[in-house]
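Taking the hints into account, I'd like the entire structure generated from these sequences.
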Amino acid sequence: MWDFPELNFPIGEWVNRAVAWLTDNLEAFFDVITTAIREPLVWIKNDVLLWLPWWVVIIIVAAIAWKIANWKVALLAVLGLFFIGAMGRWDDTMTTIAIMVTSVIVSVIIGVPLGIISAKSDRFEAFQRPILDMMQTMPAFVYLVPAVFFFGLGLVPAVVATCIYAIPPAIRLTNLGIRQVSPEVVEAGRSFGTTGMQLLLKIQLPLALPNIMAGVNQTIMMALAMVVLCSMIGAAGLGLEVLRGMNNLDVGRGFEAGISIVIVAIILDRITAALGKKGTTA
Amino acid sequence: MPEENISISCQNVWKIFGPDPQSIIANSGNGSTKQEILEQTGHVIAVKDVSFDIKEDEIFVVMGLSGSGKSTLVRCINRLIEPTAGKIFLEGEDLSLMNEKQLRELRRHKLSMVFQYFGLLPHRSVQDNVAFGLEIRGEHGKEKDEKVAQALEQVGLKGWEKSRINELSGGMQQRVGLARALAVGAEVLLMDEPFSALDPLIRRQMQDEFINLRGTVKKTVVFITHDLMEALKLGDRVAIMKDGEIVQIGTPQEIVNEPADEYVSEFVKDVPRGQVITAESVMEEPPVLVNSEQNLAEVIEQMRTAGVDVAFITDAFGRLRGLTTLENAETALQNGLSRVRDAVQNEFLSASPDTPLDQCLPLVTDDDIPLAILDERSHLLGVVTRAALVQGMQSTDGNGNGNKNGNKSQ
Ligand SMILES: Nc1ncnc2c1ncn2[C@@H]1O[C@H](COP(=O)(O)OP(=O)(O)OP(=O)(O)O)[C@@H](O)[C@H]1O
Ligand SMILES: [Mg+2]
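As they're listed, the protein sequences go chains A and B. Per the working numbering, the first sequence starts with residue 1, numbered consecutively. Per the working numbering, the second sequence starts with residue 283, numbered consecutively.
Mimicking SDA-like on lysine to any residue, the simulated pairs with C-alpha atoms at most 25 Å apart in a straight line are: (1) Lys120(A) / Leu201(A); (2) Lys277(A) / Asn448(B); (3) Lys426(B) / Met197(A); (4) Lys120(A) / Pro404(B); (5) Lys202(A) / Glu417(B).
No lab work stands behind these hints: they were computed from the structure.
Spelled out as C-alpha cells, the structure:
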C-alpha cells in the first residue's frame with residue numbers, strides 16, 4: 001500500500017545490453033576515434049611539452065600570456081610554472097595540460113559547429129537542449145565505465161569523458177553569441193549581398209567571439225575539473241597524483257598536485273578571459 | 283511624365299505578417315481596418331496595396347508614424363523582407379522573379395542601404411567598415427582602397443580611417459554608414475530613418491550635408507522618416523503612410539498646400555509654410571515684360587494699361603536685363619530718349635524658383651517692385667509680389683493657381 005509497486009522497468013538492463021552491443025559491433029568505429037584522439041594527444045605530450053626544455057615551455061607560455069593578456073599574466077605564468085617545477089610536478093603537469101589541450105580542441109571542433117547550427121535552426125536548438133542538459137548533469141562516474149568499455153583504459157577515455165562534460169558550454173555559448181548579434185548588423189550584412197558563409201565569417205562569428213571565448217574558457221575549467229576523476233580510469237598526470245595521495249593518506253603529495261592544478265587553471269583562465277575581452281573591443 | 287526614367291516602381295505591394303497572409307488579401311475588400319484584422323485574425327498588415335514610381339535621381343521620402351510600415355516597405359525593395367503580393371521593378375526589372383544569386387548581385391551592385399542604428403561592425407575600423415560592401419563583392423587592393431578613400435572624403439571622414447567605431451559620436455557613425463553605402467557605387471540608396479537616432483542639432487547638420495552631397499553625387503534615394511519637416515526639407519516628393527497605406531504622394535508644396543485628407547491636414551497644420559513653400563508656387567506672370575529695343579512710349583502705355591509701376595526688360599536673347607519704373611521711364615521720355623534700354627535700371631533683386639518664401643521675404647523690399655524669379659540661364663520665370671508672398675505664407679487652403687504653375691515647370 002505505502003510502497004511503490006514493483007513494476008520492474010528494465011531500463012538498466014536495456015542500457016547494459018546497448019553498451020554490450022555497441023562494444024561488440026562498433027569496435028572499428030571506436031578504434032578510429034581512439035586513434036584520432038591518441039595520436040595528437042601523445043604528440044602534444046611527448047613531442048612538444050615533454051620534449052622541449054622546461055624553460056622553453058615557460059617562455060612560450062609567458063609570451064602567449066603577454067601577447068593576449070598583459071605582462072602581469074605573463075609574470076604569473078612564469079612564477080606559477082616555475083613553482084610547479086620546483087615542487088617536482090613538471091612531468092605530471094605537462095601530461096595534464098596535454099589531456100586538457102586535446103579535450104579543449106576536440107570540444108571546440110565539435111562544439112562550435114554545433115553551436116552555429118543551433119543558432120541557425122530553432123528546431124535543432126530545441127533538439128539539442130535536453131541532450132546538453134543531460135550531458136552536464138549526469139554524474140561523470142556513470143559514463144566513465146562505458147568510456148572504458150569503448151576506448152580502453154588510459155588517456156583516451158579521459159579525453160572522451162572530459163569532452164562529454166566540456167562540449168555543452170562550447171555549443172551553448174556559440175549559439176548564444178550568434179543569436180545575440182544585433183539584428184540590424186546582420187540585416188546590414190545581408191543588404192550588401194553577403195552569402196550565408198560571408199555573413200557567418202565576417203559578421204556573426206567575429207561578433208560572437210567574446211561569447212565563444214567565454215565558452216572555451218568554461219570548457220577549460222570543466223576539463224580541469226575532470227582531471228582527478230579521469231585518473232580513476234587510468235589517466236596519468238596531476239589527477240593521478242591527487243588520487244595516490246588520497247589512497248596513501250599522503251596529504252602533502254595530494255596538496256602539491258592539487259595546487260598545481262589550481263595554478264594551471266588560473267593561468268589558462270586569465271589568458272582565455274583576455275582573449276574574450278579582446279574580441280569585444282577590437 | 284514619359285521623358286523621365288523610372289528607377290523604382292512598386293505596384294500593389296502588400297506585406298502581411300501572420301500564418302495565412304494570402305487569405306487576408308483575398309478578403310481585403312470587406313473594409314476592415316488594420317486594427318480589426320489584427321484582432322480578428324492575428325495578422326498584421328504592415329504594407330497595404332502600395333503603388334508608386336520613383337524617378338531616377340529623385341529623393342523619394344516615405345513619412346509616417348511609428349508602425350505605419352515604412353521600414354517594411356523599404357525592405358521589400360531589396361527583399362530583406364519578402365513582399366506578400368505585388369510587383370517591384372528596378373529599372374524595369376522584376377525583382378520578385380530573381381533567385382538567391384541574382385538577388386545577391388542586385389544588393390551588391392544596385393541597391394545599398396543605410397540604417398537607423400547604423401548597423402556598423404564594432405570589431406572593424408572605420409575604413410574596414412566602409413570597405414565592407416566592396417569586400418563582399420570580392421574587390422581588393424588599390425582599387426578598393428581608392429573607392430573607400432573617396433567615400434570617406436565625400437562624407438567628411440578623411441583622417442578618421444583608422445578610428446574604432448565605438449570611439450565615434452552618433453553623427454560620425456552614421457557618416458560611416460553612409461560612406462559604406464556610397465562606396466559600392468549603387469544607383470539607389472535606401473535609407474531607413476538614417477538621422478532619427480541623432481540629436482536634433484546634429485540631425486539638422488546631417489540633413490544639410492546630405493543635401494550638399496546630393497549636389498555632387500547623383501543617386502535615387504528612398505528616404506524613410508517619421509519627421510515631417512525632414513521629409514519636406516529633403517524630399518523631391520513625399521509619400522505619407524498611415525496604417526500601411528500611402529494616403530498621399532506629392533511634392534512638399536503639394537502636401538502642405540493641398541493635403542489629401544484630414545489625416546494629412548492635421549500633420550501639416552503646424553508646418554512653418556515659409557520654409558516649405560517656394561517662390562515657384564506663388565510667382566505670377568510679370569504684367570509687363572518687354573524687349574530692351576522696344577519703344578519707350580509704347581511701354582509706358584502698356585504699364586498704364588496694366589496699372590503697374592514696373593516693367594521687366596529682357597535683352598535680345600530673352601535674358602532679364604533689368605527693369606524700369608514708370609517714373610523712371612517718363613523722365614527718360616521727357617529727356618528725349620526713345621528706347622527702353624535707355625531707361626533700364628540694371629540693379630534688381632532676383633531669386634531662383636526653389637527659394638523658400640522665408641528667404642524671399644527680405645528680398646521684396648520695395649512694395650512696388652516685385653522679386654524676379656530667374657532660371658539658371660537668367661530667363662524670367664515669374665515675379666513674386668509682396669502680397670502674393672504674404673498670402674502664400676499664411677493661406678491654409680492653398681493657392682491653386684500658383685501651385686499648378688509650379689508643377690508644370692518641374
Ligand atoms: N516580423 C514581424 N512580424 C510581425 N509583425 C511585424 C513584423 N515586422 C513588423 N511588424 C509590424 O508591421 C507593422 C509595420 O512595422 P514597420 O517596422 O514597418 O513600421 P515603421 O513604420 O518602420 O515603424 P517605426 O517608425 O517604429 O520604425 C507594425 O505594426 C509592426 O508591428
Ligand atoms: Mg522603422
